[in-house]
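Place chain B on chain A using the hints.
Top to bottom, those sequences are chains A and B.
Just so we're aligned, residue 1 is where the first sequence starts under our numbering, counting upward by one.
Just so we're aligned, residue 1 is where the second sequence starts under our numbering, counting upward by one.
Hints are not guaranteed to be accurate.
Stated by the list, open to error - Label-pair ranges, simulated between beta-carbon atoms:
#	chain 1	residue 1	chain 2	residue 2	range
1	A	R81	B	E16	47 to 55 Å
2	A	T13	B	A53	42 to 50 Å
3	A	G28	B	T51	18 to 26 Å
4	B	G29	A	E20	33 to 41 Å
5	B	E16	A	S27	36 to 44 Å
Just so you know, these hints were derived from the structure itself, not from any lab.
Note that the Cβ used here is the ideal one computed from N, Cα and C, for glycine as well.
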Amino acid sequence: GAGVSQSPSNKVTEKGKDVELRCDPISGHTALYWYRQSLGQGLEFLIYFQGNSAPDKSGLPSDRFSAERTGGSVSTLTIQRTQQEDSAVYLCASSFVAGELFFGEGSRLTVL
Amino acid sequence: GNSVTQMEGPVTLSEEAFLTINCTYTATGYPSLFWYVQYPGEGLQLLLKATKADDKGSNKGFEATYRKETTSFHLEKGSVQVSDSAVYFCALSDPRGAGSYQLTFGKGTKLSVIP
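Next comes chain A alone, as it looks inside the complex (with noise of 0.2 Å):
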């Protein structure tokens, strides 16, 4: 496509569970980011990819969140034993040029 794609749009989850979220980067974006936005809190880093280095994890609040990207391409963030204070909207870019980031729509998180 033409921008970058994630996927679900919104998920409503119960305490406890594990959710997975998606994000398609533009092709030939080298980048791929995870942020989490939270109403009054900005946008939190957590992840970032960068071609075939090791990813800079230096984000990420807890062991309960992981994230993989396959191929160089498509990335799959992991949130393992949900609870109400990951409620947010996560948010994936993909880049090509430093700085430069393109965002995704995002996945709106509810933990009820």
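Below, chain B alone, put in the same frame as chain A:
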């Protein structure tokens, strides 16, 4: 560590008014600076950038100048339109090697422009 502080919103202006959104930063190195905009119902998109001191980024009538001496990158527009209503995010890069840039974002400033 790196951080970005921008003025809290919301900001409400009448059409054709002058806009300033303040942004200051803290960084250990020599970051690049960015403004991103999020229109209602859309994803964030790059508005403008500046990569070194005294550079001016501009786009769609918006401007921002990279001021190293005051560690600032204030966003300005001379005459806002209703279509400029959005949330604006200031951001800086954290260069960790060639081609690798994690962005640190401010909390965002919501702008509403009324006719």
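Status of each hint after checking the structure:
1. R81(A) x E16(B): 47 to 55 Å: holds, 52 Å
2. T13(A) x A53(B): 42 to 50 Å: holds, 47 Å
3. G28(A) x T51(B): 18 to 26 Å: Holds - the Cβ-Cβ distance for G28(A) and T51(B), about 22 Å, lies within 18 to 26 Å.
4. G29(B) x E20(A): 33 to 41 Å: holds, 36 Å
5. E16(B) x S27(A): 36 to 44 Å: holds, 41 Å
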